[in-house]
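**Q** Residues per chain, in single letters:
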Amino acid sequence: MDLITPGTGLIFWQLFGFLGLLFILIKFAWKPMLAALEERESSINNALKAAETARNEMANLKAENEKLLADARLERDTILKKAQDASVKMIDDAKNDAVKAGALMIENAKAVIETEKKAALADVKSQVAALSLEVTEKLLRKNLSDDKSQKDLVDGFIKELKLN
Amino acid sequence: MKRKLLALSLLISAFLLVFNSTTFAAGQEEDKTSFIMHHVKDSHEWHLVTLGHTHVTLPLPVIVYSGDRGLEFFKSSDFQNHETHAFGEAYAHEGYFIDEHDHLGRSDGGSFIEFSITKNVVMLFIVLIVVGWLALSAASFYKKNGAVAPKGAAAIIEPIVIFVRDDIAKESIGPQYKRFVPYLITLFLFVWFGNLLGLIPGAANMTGNIAVTFVLAILTFIITNVNGNKDYWKHVFMTPGVPPLMLLIIVPVEIIGLFTKPFALMVRLFVAITAGHIVILGFIALAFIFESYTIGVASTLMVTFINLIELLVATIQAYVFTLFSAMYIGSAVAEHAHADH
Chain A
1 MDLITPGTGL
11 IFWQLFGFLG
21 LLFILIKFAW
31 KPMLAALEER
41 ESSINNALKA
51 AETARNEMAN
61 LKAENEKLLA
71 DARLERDTIL
81 KKAQDASVKM
91 IDDAKNDAVK
101 AGALMIENAK
111 AVIETEKKAA
121 LADVKSQVAA
131 LSLEVTEKLL
141 RKNLSDDKSQ
151 KDLVDGFIKE
161 LKLN
Chain B
1001 MKRKLLALSL
1011 LISAFLLVFN
1021 STTFAAGQEE
1031 DKTSFIMHHV
1041 KDSHEWHLVT
1051 LGHTHVTLPL
1061 PVIVYSGDRG
1071 LEFFKSSDFQ
1081 NHETHAFGEA
1091 YAHEGYFIDE
1101 HDHLGRSDGG
1111 SFIEFSITKN
1121 VVMLFIVLIV
1131 VGWLALSAAS
1141 FYKKNGAVAP
1151 KGAAAIIEPI
1161 VIFVRDDIAK
1171 ESIGPQYKRF
1181 VPYLITLFLF
1191 VWFGNLLGLI
1201 PGAANMTGNI
1211 AVTFVLAILT
1221 FIITNVNGNK
1231 DYWKHVFMTP
1241 GVPPLMLLII
1251 VPVEIIGLFT
1261 KPFALMVRLF
1271 VAITAGHIVI
1281 LGFIALAFIF
1291 ESYTIGVAST
1301 LMVTFINLIE
1311 LLVATIQAYV
1321 FTLFSAMYIG
1331 SAVAEHAHAD
1341 H
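For the protein sequence lines, the chains are A and B, in the order given.
Sequential numbering of the first sequence, starting at 1, is according to our numbering.
Sequential numbering of the second sequence, starting at 1001, is according to our numbering.
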């Protein structure tokens, strides 16, 4: 058989053998296989896409949570600050009220003391006046002529006074 | 692993050497190398082993069709000397004979067509069975298990299918690649397994036979031109962007180009595989020519080395044949805008 002249028999068998193989494999091997491969590839792609979506959703959720947390923190801080301000104001107010009340009480006390003092002085004055009138009356009544009798009279009065 | 492979191939080569030396050591100078061409060409019988002077061969069917005698079946052993297994006109049988060059002839000179199951046809059947069995068992895996991770035969075939689909068909053909993937996968597996099985000692040089590569190239040629679109034919007969006078030269060149493409496919695979076989056998023949142990060891090492290269060539040639087929088909179905020419 020749090297570079194709033999008719081999051409015949090769043509029909190869075509037979081709048609059998297309029908029973490559079609189901390529379909299965495509199906698998698409399922892998879908799974990857789903995972990507889930990851994005997770990230969104996390961001949202963080935002909520930050908002809550901010609100807490505001409330705390307000409460603090309120308490400071209340203390200040109480202090001011106390100072005012104290001042008023002192004022009242001073006024009362002044009134009492005035009343006491008036009393003393009236008593002194009464006493002076009494002494004068007694002196006048005895009709005093000399010094000795005047002195005795005064001493008598003083003894009388002491007895009182 | 590499070391084991090397040792194994050395062993095989050494075995081949010893076993062939018994065949040819006693022969004449020309006999010492004639086995090379005998192996490379097709034959009506499958010569397995020669032990001393006993030839162990597999006789193959000889099938002939002639207008006057119809379809006839013979055995190759009908046409040879039973002692020497030599063919010749002297051993004619029922009006037919096989001559010294393994050609079938008709004693009365009448015309006939031969459909014999030659050595390469048997090899062809083996390759068809191996490829078909592998592909069908791979497909049955998907039928049973659905779209899951591959195992067994599917794990062998699937990477090849994906490689041919994504790296050859999709890249070279473009958006319409899906129609051609089954042909390209079958082509790749057939050529690849043909090349690999041909490297087994004693196997036939099937993919290195021009009839086989001729048929494969013709199939690619038919698929290319049947699927050729308007752009493709316009490119051949009214090449755009060329002055009318130049068309007188360009159009014949384009028409010749239609045929040179499959011709190149046919010759490339035939030459690459046949040359590989010749080189390996040439190195083996050195040992018989020089009848020296030193040369024997050296040529064995070389044979091992060339065998490893041939494994590479087997794959590259299968890839190249498939790739070029895909590119030719791609050029026929491409929807290209002519602005970029």
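No lab work stands behind these hints: they were computed from the structure.
A hint or two may mislead.
Listed next, the in silico DMTMM-like pairs over lysine to aspartate or glutamate satisfying Cα-Cα at most 25 Å (straight line) [said to hold, decoys possible]:
| # | chain 1 | residue 1 | chain 2 | residue 2 |
| --- | --- | --- | --- | --- |
| 1 | A | K89 | A | E66 |
| 2 | A | K27 | B | D1166 |
| 3 | B | K1170 | A | D152 |
| 4 | A | K31 | B | E1254 |
| 5 | B | K1144 | A | E41 |
| 6 | A | K27 | B | D1231 |
| 7 | B | K1178 | A | E134 |
| 8 | B | K1143 | A | E39 |
| 9 | B | K1230 | B | E1254 |
| 10 | A | K95 | A | E75 |
| 11 | B | K1143 | A | E38 |
| 12 | B | K1170 | B | D1231 |
| 13 | A | K162 | A | D152 |
| 14 | B | K1170 | A | D155 |
| 15 | B | K1170 | A | E38 |
| 16 | B | K1143 | A | D2 |
| 17 | A | K138 | A | E114 |
| 18 | A | K27 | B | D1167 |
| 19 | B | K1144 | A | E38 |
| 20 | B | K1075 | A | D2 |
| 21 | A | K162 | A | E134 |
| 22 | B | K1144 | A | D123 |
| 23 | B | K1151 | A | E75 |
| 24 | A | K49 | B | D1166 |
| 25 | A | K31 | B | E1158 |
| 26 | A | K31 | B | E1171 |
| 27 | B | K1178 | A | E41 |
| 28 | B | K1178 | B | D1167 |
| 29 | A | K31 | B | D1231 |
| 30 | B | K1261 | A | D155 |
| 31 | B | K1151 | A | D155 |
| 32 | A | K31 | A | E41 |
| 33 | B | K1151 | A | E134 |
| 34 | B | K1178 | A | E38 |
**Q** Enumerate the violated hints, using their earlier numbering and listing them in ascending order.
**A** When the structure is compared with the hints, numbers 1, 3, 4, 6, 7, 10, 14, 16, 17, 22, 23, 29, 30, 31, 33 turn out to be violated.
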